[in-house]
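> Each protein sequence line maps, in turn, to chains A and B. Numbering-wise, the working numbering puts 359 at position 325 of the first sequence, and it's gapless, one number per residue. Numbering-wise, the working numbering puts 90 at position 85 of the second sequence, and it's gapless, one number per residue.
Because the hints were derived from the structure by calculation, they are not lab data. Worth double-checking, as some hints may not be accurate.
[Unchecked claim] Quick list of simulated restraints, FRET-style, between CB atoms:
#, chain 1, residue 1, chain 2, residue 2, range
1, B, Glu46, A, Lys313, 27 to 35 Å
2, B, Ala26, A, Asp399, 49 to 57 Å
3, B, Lys129, A, Asn208, 41 to 49 Å
4, B, Ala26, A, Ala360, 26 to 34 Å
5, B, Asp61, A, Gln198, 24 to 32 Å
6, A, Asn208, B, Ala26, 52 to 60 Å
7, A, Ala435, B, Lys12, 36 to 44 Å
8, B, Pro22, A, Glu142, 39 to 47 Å
[As the list claims (entries may be wrong)] Okay, derived cross-link-like pairs now, PhoX-like style, lysine-lysine, Cα gap no bigger than 25 Å in a straight line:
#, chain 1, residue 1, chain 2, residue 2
9, B, Lys35, A, Lys459
10, B, Lys9, A, Lys418
11, A, Lys427, B, Lys21
12, A, Lys260, A, Lys418
Note that the coordinates shown come from a computational prediction; the quantities given were computed from them, not determined experimentally. A virtual CB, placed ideally from N, CA and C, is assigned to each residue, including glycine.
For reference, the chains in residue letters:
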Amino acid sequence: MYWDPRAEKMPQKDLQEIQERKLRAIIHHAYEYSPFYRKKFREIRLNPWDITGVRDLPKLPFTKKQDLRDNYPFGIFAVPISQIVRFHASSGTTGKPTVVGYTANDVEVWVESLCRSLVACGVSREDVMQISYGYGLFTGGLGFHYAAERVGATVLPTSAGNTQRQIELMKDLNTTVIACTPSYMLYLSEYAAKIGTDIAEDTKLRRGILGAEPWSEETRRRIEGKTGITAYDVYGTSELSGPLFTECTEKHGLHIWADHFLIEIIDPETGEQVGEGEKGELVVTTLSKEAMPLIRWRTGDITIMESEKCACGRTHPRIMRILGRADDMIIVRGVNVFPSQIEHVLMQIPEVGEHYMIILERAEDGLDKMTVQVELSEKAFTDKVADMLELEKRIAEQLKAVLNVTAKVEIVNPGTLQRFEGKAKRVIDKRKI
Amino acid sequence: MEDKTLKQVSVFVENKPGRLAAVTEKLYEKGINIRAFTIAEAGDFGIIRMVVDKTDEAYEILRNAGFTVTLTRVLGVEVEDEPGGLYRIARALGDANINIEYVYAFTSGGDKALIILRVNDLDKAVELLEKEGMLFRGRID
Ligand SMILES: [Zn+2]
Chain A
35 MYWDPRAEKM
45 PQKDLQEIQE
55 RKLRAIIHHA
65 YEYSPFYRKK
75 FREIRLNPWD
85 ITGVRDLPKL
95 PFTKKQDLRD
105 NYPFGIFAVP
115 ISQIVRFHAS
125 SGTTGKPTVV
135 GYTANDVEVW
145 VESLCRSLVA
155 CGVSREDVMQ
165 ISYGYGLFTG
175 GLGFHYAAER
185 VGATVLPTSA
195 GNTQRQIELM
205 KDLNTTVIAC
215 TPSYMLYLSE
225 YAAKIGTDIA
235 EDTKLRRGIL
245 GAEPWSEETR
255 RRIEGKTGIT
265 AYDVYGTSEL
275 SGPLFTECTE
285 KHGLHIWADH
295 FLIEIIDPET
305 GEQVGEGEKG
315 ELVVTTLSKE
325 AMPLIRWRTG
335 DITIMESEKC
345 ACGRTHPRIM
355 RILGRADDMI
365 IVRGVNVFPS
375 QIEHVLMQIP
385 EVGEHYMIIL
395 ERAEDGLDKM
405 TVQVELSEKA
415 FTDKVADMLE
425 LEKRIAEQLK
435 AVLNVTAKVE
445 IVNPGTLQRF
455 EGKAKRVIDK
465 RKI
Chain B
6 MEDKTLKQVS
16 VFVENKPGRL
26 AAVTEKLYEK
36 GINIRAFTIA
46 EAGDFGIIRM
56 VVDKTDEAYE
66 ILRNAGFTVT
76 LTRVLGVEVE
86 DEPGGLYRIA
96 RALGDANINI
106 EYVYAFTSGG
116 DKALIILRVN
126 DLDKAVELLE
136 KEGMLFRGRI
146 D
């Protein structure tokens with residue numbers, strides 16, 4: 035099933051032509067109307083006419099999160115506020131907040147993009163879709179809301195939190211699809227089990243569209259095994275509009291709608307483009323956004339691109355599951371570590387649960403000390419200290435093999451580590467810099 | 006078959022202040038008597054091992070309180086309260102190629118010391134100790 039078959043199955047040659055044309059147009063639009071881009075282009079003496087097509091992308095400067103903060107609230111906007119129909123904003127945990135604005139057409143492109151994605155992962159008008167992403171300034175709730183309605187599904191706008199009620203409504207109103215974060219899905223299934231509800235047996239839930247935080251294949255298998263649902267990955271950030279791209283039913287990468295978004299993968303250190311199939315930071319140029327065009331937006335997300343046509347028939351390129359956040363990257367004794375790598379290791383060890391915390395400290399000798407806390411699974415507990423020490427040692431060895439840095443492993447009682455309903459904050463950094 | 010072993014309650018505890026107290030408090034509240042008790046510590050965690058009068062009840066109480074609990078079969082052994090008592094058992098088990106994994110004392114009055122043993126071959130140990138007349142056959146209460 036396709037939402038917009040003409041666009042989704044468009045020959046790649048035609049898609050490229052659209053990209054060439056729209057890239058030139060967006061560069062001129064940004065230069066003419068966005069004070070930020072005009073200043074930036076002038077600083078590096080770049081004439082918009084110098085950009086003749088996609089091959090000139092490397093001549094263009096990157097746009098970073100800091101640029102959005104520095105130009106808060108309206109410095110990047112390329113339309114008058116009277117044309118803006120909506121704002122979303124993120125709170126500034128580390129400084130100033132950022133705001134994004136949408137024209138009516140921006141909302142339209144966002145909703146249409148997500149409609150294509152929802153249909154690609156099997157959502158239809160027969161579905162009851164529970165949206166457990168936060169509504170409000172966060173783009174997750176409203177983004178899914180409008181697309182699900184347009185697809186014709188029955189929307190249940192529960193927003194985040196109040197898990198007891200979420201489960202009651204899920205049962206009473208026969209929810210078939212849920213949209214939430216993977217960590218909330220795990221929490222929800224645990225909570226359901228605690229109150230005697232088996233998601234697989236006692237509900238009609240069959241699909242989950244999970245994202246807004248990096249997760250792993252192992253987490254997917256656990257969620258699917260526990261709940262009997264099929265879990266699909268979704269990607270999108272507020273700067274690009276909100277949730278936009280999901281996996282198709284092939285579950286091998288997320289389709290990026292190339293008529294609206296032009297993607298590159300770069301080496302985050304050098305800024306150079308990397309080859310097809312190589313890991314790097316996702317950089318996106320928006321081709322259709324009017325209110326806040328973004329040129330070479332550094333997403334900070336690490337992934338791999340695949341441009342070959344998909345078995346589902348869609349011609350648009352795919353990105354693989356996000357491997358980690360460049361921002362989340364922690365440096366331990368000079369080694370780059372992604373929390374997602376730690377998650378990946380833990381998920382393959384059946385004796386421990388899904389939840390973990392990473393604690394970073396500076397030891398008395400001045401060296402970094404990393405402690406990984408994991409929850410012991412009840413079945414794995416024995417009365418012998420040696421067994422438990424052996425388990426800690428085995429986890430530590432596997433972490434060392436993947437991370438190239440030593441971590442101390444501490445097993446703790448099940449259910450004692452913090453659960454996250456929104457974005458997970460699994461790193462506690464106590465080091466004094 | 007008549008059960009000649011004892012059931013031990015084993016509890017996983019993180020090495021944090023108050024955890025040990027939390028375990029014993031839960032049992033005390035429900036009127037459960039702890040008859041033998043030891044804690045094996047290993048850095049960031051410890052394992053409490055205990056023999057109580059109402060084992061199944063204790064298991065449920067602790068589980069419901071969120072602890073990680075398991076029941077383990079162990080041996081109770083009566084030893085004359087005189088020099089060499091424990092040595093006789095250790096030697097008898099050693100001669101039969103049975104390993105003692107851990108041992109701790111039973112808190113009880115009387116002239117005989119009671120010892121809790123965890124061995125690697127339970128059936129063989131029961132048979133041997135019974136023959137030697139050292140197996141504890143009393144009731145835990
Ligand atoms: Zn596909």
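> The structure should be examined with respect to each hint, and the outcome stated for every one.
So, going through the hints one by one against the coordinates:
Separated by about 43 Å at the C-beta atoms, B:Glu46 and A:Lys313 break the suggested range of 27 to 35 Å. One distance hint, 49 to 57 Å for the beta-carbon pair B:Ala26 and A:Asp399, is violated here, with the actual separation near 34 Å. With their beta carbons about 58 Å apart, B:Lys129 and A:Asn208 fall outside the hinted range of 41 to 49 Å. The supplied range of 26 to 34 Å is broken by B:Ala26 and A:Ala360, whose beta-carbon atoms lie about 45 Å from each other.
Take B:Asp61 and A:Gln198: their Cβ atoms lie about 30 Å apart, and the range 24 to 32 Å holds. In this structure, A:Asn208 and B:Ala26 break the distance hint of 52 to 60 Å, their C-beta atoms being roughly 47 Å apart. Judged by the Cβ atoms, the range 36 to 44 Å given for A:Ala435 and B:Lys12 holds: they are separated by roughly 40 Å. The beta-carbon spacing between B:Pro22 and A:Glu142, approximately 58 Å, falls outside the hinted interval of 39 to 47 Å.
Annotation: proposed proximity of B:Lys35 to A:Lys459 is violated, straight-line Cα distance about 38 Å (limit 25 Å). Distance check on the hinted pair: B:Lys9 and A:Lys418 sit about 22 Å apart at the alpha-carbon level, within 25 Å; holds. A C-alpha spacing of about 21 Å is found between A:Lys427 and B:Lys21, which places the hinted pair at or below 25 Å, so the restraint holds. For the hint linking A:Lys260 to A:Lys418, the alpha-carbon distance of about 29 Å lies beyond 25 Å, and the restraint is violated.
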